[in-house]
Amino acid sequence: MAGRLISANHAAALAATLAGRANRTARGFCSGVYPITPSTECMELLCNQEFEKGEVVRVESEHSAMAVCIGAAASGARTFTTSSSNGLALMAENVVSAALLRLPVVMVAANRALGPPWNLWADHGDTLLLRDSGWVQFYCADNQEVLDTVLCAYRLAEDHRVLLPVLVCQEGFVLSHTTTRTEVPSQEEVDRFLPPLELPARLRDTPRALGGVDVPGVAEAHRAQHHEAMARVFEVYREVQDAFERELGRRPADPVVPYRAEDADLLVVSMGTIAVTAQRAVDEARARGERLGAVRVRTFRPSPAEQLAAIFRGKRRIAVIDRDLSLGFGGVLWGEVRGLAEPGAVVQGYVIGVGGGDVRPEHVAAVAADLAARTAAGRPVLMETGA
Amino acid sequence: MSEPSTVAGPSAETRPTPLLRPGNSNCGGCGMSSALQLFGRAVEHRRLQLVVPASCAAVTAGPFPTTSFGVPTVLTTFGAAAAVATGLSRVARLNGDGTRVVCWAGDGGTYDIGMASLSAAAERDEDVLYVCYDNEIYGNTGGQRSSATPAGASTTNTPAGKPEEKKDLLAIMAAHRVRYAASFSIAHPQDAIRKVRRALDATGFRFLHALSPCPTGWKSEPALGIELVRLAVRSGLYPVVEIVEGRKLVVNVEPDFSREALELYLSLQQRFQRSGITAERLAPAIARRWRELRAASGRILPAEREA
Amino acid sequence: MSERPHWNVPTGASPLPLEIRVHGRGGQGGVTCAKLLAAMFAEQGRHVQTFGDYGSERAGAPVRAFTRVDLAPITNRNKVYRPHHLLVLDAALLPSGSGDDVLDGAGPGALLLLNTARGLAAFTSSHDAFRVAAVDATAIARRHGIGSAALVIVNTTVAGAYARAVDLPWAVVERAFRSLGMDGDLGAAREAYAAVAVRPPRPGAIAPAPRVPAPPRPVLGLAEHVRDVPTALPTGTWRTQRPRYRSHVAPCSAACPAGNDVVGFVQALRTGGVEAAARLLLATQPLPSVCGRVCPAPCAAACNRAAYDGAVNVRALERWIGDRLADAGARAPLAARPRRFAVVGGGPAGLSAAFALRSAGHEVLLLEAGTGLGGVLRTGIPAYRLPLDVLDRDVARVLATGVDARCGVAIDGPGVRALAADHDAVILAAGLPRPARLDAPGASLGGVRDGLGFLDAVRRGERPTLRGHVVVVGGGNTAVDCARTALRCGAARVTIAYRRGREEMPAIPTEVEEALAEGVALLTHRQPVGFAGGGAVARVTLAEVEPGAPDASGRRRPVVTGRASDLACDAVLLALGQGPDPALVPAGWSVRGGRCMDGERPTDVWLAGDLATGDGTVAHAIGSGRRVAARALAAVEGAPVPAERAAPAEDRVTPAHVRFSHFEVRRPRPERHAAAADRARCFAEVNGGLEDASEAERCFSCGRCTRCDTCLLSCPEGVVSRSGDGYAVDEAFCKGCGVCVAECPRRAMEMTLDAEAR
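Chains as they are written, first to last, in our numbering: chain A, 1 to 387; chain B, 1 to 307; chain C, 1 to 758.
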C-alpha cells in the first residue's frame with residue numbers, strides 16, 4: 001500500500017495546500033491561522049508550504065482567522081483555517097457570519113473539550129456548539145478520510161448549488177496526532193478534481209453591500225434559501241464522490257456509513273473514531289454470535305435523517321453513543337436521531353469519552369449489552385472510561 | 001484656516017456615483033456623513049473596497065439588496081474589520097488589481113472591541129487604510145460610552161458623565177510605527193483631502209482618525225457638526241496631526257488654544273451639561289497633551305499660549 | 001389582533017380593549033409617546049402594553065409604536081393592525097395616495113390625531129370617516145425648546161393633545177408624565193391639551209379598506225446578488241426645515257447714507273472689474289471719485305471685517321472705480337413723457353437729484369449761485385484732499401447726461417415760486433451757506449474769521465499768508481481742513497480746540513490722524529469764551545468743558561466750567577457749523593416732511609441735502625438728493641411715493657453671522673500717502689489711492705452668495721449641486737440638517753420651516 005506516514009493534522013494541511021494551489025489560475029488562496037492545541041500542527045505545516053498564488057496570514061486570534069477567510073472568500077479566493085475548542089468558541093460569530101454570507105470557507109477542527117477548566121482532549125462539544133451556524137459538518141474517522149474530505153469539502157462548498165462553508169471534524173490527538181499511512185494525491189490529480197473557484201457574487205467593482213441589513217421578510221427568505229442549499233448537499237456530494245473516484249481512484253465515504261447493520265438486532269450509532277472502534281466491537285460480537293451492527297454518521301449537517309431512517313427501518317433496539325454532552329439533555333446525536341426510528345423502538349443514549357476519555361471496543365460491547373437488556377429507553381447513560 | 005472653495009469637487013463629473021449616496025439612512029447632520037463626503041471627494045478614480053464593522057455605518061449601507069455606498073462593501077462583525085480587510089487586501093495584492101481596501105469603523109469598533117484585530121493588522125503592516133470615524137459614543141446601540149468618549153460626557157450608561165479620559169488612539173497607532181497615521185478634521189477639508197489621498201496611495205498599514213459629531217448622541221444641533229469640530233481643533237481639544245512611520249509628527253493645524261472656543265464647544269453639546277465639566281478643568285489635560293505632541297514633533301516647546 | 005370592532009365611538013370615551021398605533025419619525029419620540037399613553041391608562045388602573053417597532057431607524061425615518069389597553073391582562077404580543085386610535089406625529093406621513101400603511105386597518109369612527117400646521121380644515125373631506133383631532137405640536141414643542149431646530153421632539157406635546165381628545169382629565173396626564181420623569185414637558189403638553197381641535201366623523205363615511213397583504217415577493221439570494229441597487233430612501237420627507245438661498249443686508253450697504261449697494265459694487269469689482277462695478281455704483285452715486293476721497297465711510301466703520309483683521313477700505317475702492325471711469329458718460333435719452341424739474345443748488349445733493357432725474361429721462365434745470373458746480377466740494381474741501389480736476393470729472397459726468405446747468409444764478413423765495421410755476425417740481429438743495437456765529441467777547445476782532453470762508457478763499461487760489469499760532473475752533477471736517485490748510489498757508493503752529501473728546505469728533509478719524517501727523521495740535525474739552533488783543537486777536541480764552549447728560553443724539557452735552565486759561569495766538573478760524581439761507585423758502589410757506597407747504601396745500605417744491613437733513617456729509621447729500629428726486633417724481637406722476645425703508649434688523653448680517661474661519665487673515669491694502677513732512681507745505685493730494693483693486697478680494701460679501709461652494713462641499717448628503725449661476729438642493733433627499741446654512745460663511749442662505757407638508 002502506497003502513501004505517507006502522516007498525522008490527520010498534516011493530512012488536513014496537505015489537502016488544504018493542494019486545494020489552495022489548485023486555485024492559482026483563479027483568485028488564489030488565502031488562509032488566516034492561529035495556533036491552538038490540538039490543531040496547531042495543521043497550521044504549522046500550512047505555514048511551511050509554498051504557494052504560487054497564496055497567502056497564509058498569521059493572525060492574532062481565531063476570530064480574526066475566520067475574518068481573514070471571510071474577506072478573502074468575499075474577494076473570490078479559496079480559503080482555509082483550522083482550530084479547536086475555545087478557538088472555535090471565540091471564532092463563533094465569524095463562523096456564523098461566513099455561512100450567512102454564503103462564503104465557501106473550509107475549516108478543519110481538531111475536536112477538543114471546551115474550558116476552563118482546561119482540557120486538551122477529544123470531545124465533539126466544540127464543533128457541536130456550531131451545529132446551527134449554517135455550516136456543513138463532516139466527522140471523520142481516519143487520516144485518509146480527513147484528507148479526502150477536505151478536498152471534497154472544497155468542491156462541495158464551491159458548487160453553485162451549495163455555496164456554503166464546510167467544517168471537517170477530526171478528534172484531537174485520536175486523529176490529529178495519530179500517524180497512519182495516508183495517500184496524498186499529486187497536484188495534477190487535485191487540479192483535475194477541483195476546478196478553480198468562481199464565486200458568483202464575489203466582490204468586484206460594482207457597488208454592493210455584502211452583509212447589509214436583512215429586514216425580517218428578507219431574513220426569512222435568506223434562511224429558507226440557506227436551508228434549501230443544505231438540502232442540496234447530499235445530491236451534490238454524490239457527484240463529488242463520483243468525480244473524486246474518477247480522478248483519484250477511490251471513493252470517499254458516504255454521509256452515513258452502516259457496518260453489518262442490515263441483519264443486526266442491535267445498532268450502535270456514533271460519529272468520528274468511536275464509530276470505527278464500534279466496528280471492531282461489532283466484529284467481536286458477531287464472532288460471539290450476537291447480531292450487532294454499527295452506523296457511522298459522517299455528515300452531521302445537513303442532517304442525514306432520510307438515510308438513517310432507512311437504516312433504522314425494522315430495528316427495535318438502537319444505541320446512540322455521543323462523545324459530547326448537552327448538559328441537562330444528553331448526547332446531541334442521540335437527540336437528533338432518536339425520532340428517526342420506528343415507533344416503539346428503543347433508542348437509548350450513551351455518552352462516552354467526553355473530555356478525551358479513551359473509548360475502547362469493550363465500552364461499545366457494554367453498550368450493546370445494556371441495550372440488549374432494555375425493553376424501553378431510559379435517561380441517557382453517562383459512562384466513565386476511567387483515567 | 002480653510003478656504004474650501006479652492007478644493008475641487010469631482011462629485012458628479014468624475015465619479016459615476018458618490019461614495020455616500022443621497023437617500024441614506026444616517027441622521028441629518030451626521031458627522032460620519034460629512035467625513036464620508038470628504039473622503040469620497042479625495043478618492044476620485046481609485047478602486048476602493050470598503051469594510052465596515054457593526055456600527056452606524058453598517059446601517060448606512062442600507063437594507064438588502066440596496067447600498068448607500070458607492071463602492072463594494074463588506075459588513076463585518078463588530079471586532080473584525082481589520083482582519084476582514086486583511087483578507088480582502090491580501091487577495092487584491094495576489095491578483096494585482098490595485099484595489100485599495102479601506103476600513104470604515106466607528107470608535108466602538110476601533111477603540112474597544114476591534115482593538116485587537118486593528119493592532120494586529122497594524123503590526124503585520126497589512127496593506128489597509130483604516131479610518132475611524134469617531135463619534136465618541138456607541139451610536140448604533142443608542143448612545144453608550146466607549147473608550148473614545150471624553151471625560152464629562154453623559155451617555156446612556158454614564159448618565160452623570162464619564163469619569164475617565166478618552167483613550168489616545170493616535171498615540172497607540174503611532175506606537176505601532178504604522179506607515180502613516182493622521183487625524184483629519186471635517187472643518188479643514190484641504191488638509192483632510194490631502195491626507196486621505198496620501199493615505200490611499202501609501203502601501204502598508206495606514207490609519208486615519210476623524211472626529212465625527214453625532215447630533216443624536218452629543219445632543220447638539222445637527223447644523224453645527226462641522227463648527228463643533230472647528231471649535232475642537234481651535235481649542236486644542238482635537239489635534240490635527242500626522243505621524244509618519246511612527247516617528248515624525250507634524251502638527252497640521254495650529255490651534256489658538258482659545259478658551260472661548262473650548263467653552264463654546266462644551267456649551268453647544270448637552271452631553272456636557274450634566275457633569276458640568278468646564279473649559280478650565282479640561283485645559284490642563286489639553287496643555288499636557290500638547291506638550292507631548294510638541295515633543296513628538298521635535299519642536300522646541302513653545303511658551304504657554306494661554307495664561 | 002382584536003376581532004371585535006369597537007370603533008364607533010361617538011365621544012372621546014375609549015372602548016376597551018383599546019389598540020393604539022403611533023406613527024412618527026425617528027427622533028420625534030414616538031415610542032415614548034406610546035409609553036406615555038400607556039402610563040395615562042395605567043394611572044386609571046387599566047392593564048397596558050406598549051412597545052416600539054424597533055429597527056435601526058435614524059433621525060427622521062418613519063417609525064411606529066403601539067399601545068394596548070384592557071381591563072384584563074393582555075396576552076398577545078403582536079403589533080397593532082386594527083387601531084382604534086391613530087396618532088400621527090408628522091402629518092406628512094399621511095398617504096398621498098392609497099396603499100400607504102399609516103391609516104391601514106383603522107375603521108370608521110377611529111380617532112385620528114394629527115400633528116399638523118394646517119389645522120382641522122385641511123382634513124375635512126379626506127378623512128371624514130375618522131374622528132379627526134389636529135394640533136400643531138411641532139410649533140408648540142419648538143416654542144418650548146424640546147429637541148433641536150432640525151428635529152423637534154413632539155411626543156410629549158402630542159400626548160397632551162391625545163389626553164384631551166379622549167377626555168382624560170388633566171390630572172391623569174400630570175401623574176403619567178411624572179411617573180416617567182417627563183414633567184419637564186408638561187408645559188407643552190398642557191398647551192396642546194388646550195389647543196387640540198376635534199371634529200366628529202361624518203356618519204356613513206367609509207373608511208379605507210384594510211390593505212390586503214401582498215404575497216411575499218421573491219427575495220434575491222445573497223449568493224446571487226451582484227447588481228448595484230442604490231438605497232435611495234425618500235429622506236426629503238424627514239425634513240422639518242429646509243435651506244434656502246437668500247441674500248441678506250450687508251452692514252456696509254445698510255450704513256451707506258448715499259444708499260450705495262456697497263457689497264454689490266465691491267463684489268462686482270472683484271468679479272467683473274471696474275465697468276461692472278460702476279454700473280452698480282452709478283445707480284445711486286454720481287460722484288464716486290469725490291466720495292471715494294472725502295466720504296467718512298460709515299460703510300467701513302460698519303464692516304464685519306473690522307474686528308477681524310481690519311475693515312475693507314471701501315472708500316478707496318470707490319475711488320478706484322471712479323478714477324477709472326470714462327471722463328463723460330452718454331447723454332441720457334428722454335422718457336416718453338418727460339417731466340420738467342428745477343434743482344436749486346449745484347452741490348452734491350443737487351447734482352445727485354439732477355443726475356437721478358435726468359438719467360430717468362426728465363428735463364432738469366440746475367441752478368447754482370456760485371461760479372462753479374459742486375457746492376462745498378468746490379469751496380470748502382481743500383485741494384490736497386479733493387483735487388479740482390477730480391471734482392470736475394465727476395461733475396462733467398452728471399452734466400453729460402443732459403442736465404441744463406447754469407451757474408451764477410442766485411434764487412430767493414420769489415424765485416422759488418417762479419420756478420415752481422414753470423416746472424413740474426422744484427428741488428431745493430442749496431445747502432447751508434450761513435456760518436454759525438460764536439457769541440463770545442472779541443469774536444469780531446481782526447484775525448478771527450470764518451473757517452469756510454477761509455477755505456473758499458484758498459480754494460479760489462488766494463493764498464492768505466498766515467504766521468505764528470493759528471487756533472481752529474471746532475471738531476468737524478471743516479475744522480480739520482482749516483487746520484491743515486492753515487499749516488499749508490504758513491502757520492508755524494496750529495491748534496484745534498474742540499469742546500468734546502477726540503472720539504466724538506465728527507471729522508473723519510483718518511483725517512484727524514493725518515492732521516496730527518502733520519503737526520496739528522489737538523486740545524479737547526475746550527471752548528473759547530473770549531478773544532482778546534489790540535485790533536487783532538492775540539489771545540483766546542479757553543474754558544474747560546465737562547461732559548454732561550446725554551442729549552437727543554446720545555452724545556453727552558458739553559457743560560462749560562468756570563476753569564479757563566488763555567492761549568496766545570495770531571489767528572482764529574471758526575469752524576462751528578453752518579445754517580440755511582432763511583430767505584430761500586418763499587414767505588408764507590412752511591416745510592413739512594421735507595416738502596414745502598403753502599398753508600395746508602403741499603407744493604411740488606422739495607428740500608434735499610443738508611437743507612433737509614443737516615447731516616453734513618457728501619454721502620448723506622447724495623442719498624438725500626436721489627431719494628427726494630424719487631419722491632418728487634412720484635408725486636408729480638401721481639404714483640405712490642417709493643418707500644426706501646431700512647432693512648429689518650433681523651435681515652442684517654452681523655459678525656455673529658459671519659464664519660470668520662473661512663477667511664484668511666489679510667490686512668487691508670494700504671493707500672499711498674505722501675510723507676507728512678512733504679505734504680504739510682503744499683496742496684498736492686495727500687492720498688495717492690490704492691495700487692490695485694485687490695482690496696476688493698478682502699470683502700466678505702456679507703449676505704451675498706459668491707458661489708464659493710461651501711454649501712455644496714459641506715452638505716453631509718451631497719445633495720447640493722451647481723445650477724445656473726447658483727445652486728440647487730435636491731429636495732427629494734435633503735434632510736434639512738442645516739449644515740449648509742451654518743457653514744455658509746456670509747449668510748447668503750437661511751433655514752425656513754418646512755411646514756407646508758404638515
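No lab work stands behind these hints, which were simulated from the structure alone.
If you're wondering where the values come from, they're calculated on a predicted model, not measured in any experiment.
Any given hint might turn out to be false.
Unchecked claim - Simulated pairs of lysine to aspartate or glutamate, DMTMM-like, Cα-Cα distance not exceeding 20 angstroms:
#1 Lys79/C x Asp263/A
#2 Lys53/A x Asp168/B
#3 Lys315/A x Asp263/A
#4 Lys53/A x Glu198/A
#5 Lys219/B x Glu263/B
#6 Lys248/B x Glu292/B
As the list claims (entries may be wrong) - Simulated restraints, written as ranges between beta carbons of each label pair:
#7 Arg77/C x Gly344/A: 38 to 48 angstroms
#8 Asn157/B x Ala214/C: 39 to 49 angstroms
#9 Ala160/B x Tyr308/C: 35 to 45 angstroms
#10 Gly187/C x Ala160/B: 46 to 56 angstroms
#11 Asn157/B x Arg211/C: 38 to 48 angstroms
Yeah, the Cβ is synthetic: ideal placement off N, Cα and C, and Gly gets one too.
Status of the hints after comparison with the structure:
1. Lys79/C x Asp263/A: The given pair, whose Cα atoms are some 56 angstroms apart, is violated under the 20 angstroms limit.
2. Lys53/A x Asp168/B: The hint is violated at about 39 angstroms.
3. Lys315/A x Asp263/A: Distance ~9 angstroms between lysine 315/A and aspartate 263/A Cα, so the pair holds.
4. Lys53/A x Glu198/A: Holds, at roughly 16 angstroms.
5. Lys219/B x Glu263/B: Judged against 20 angstroms, a Cα distance of about 16 angstroms means the pair holds.
6. Lys248/B x Glu292/B: The hint holds at about 13 angstroms.
7. Arg77/C x Gly344/A: 38 to 48 angstroms: holds, 39 angstroms
8. Asn157/B x Ala214/C: 39 to 49 angstroms: holds, 41 angstroms
9. Ala160/B x Tyr308/C: 35 to 45 angstroms: holds, 40 angstroms
10. Gly187/C x Ala160/B: 46 to 56 angstroms: violated, 26 angstroms
11. Asn157/B x Arg211/C: 38 to 48 angstroms: Between asparagine 157/B and arginine 211/C, where Cβ atoms are some 40 angstroms apart, the hint holds.
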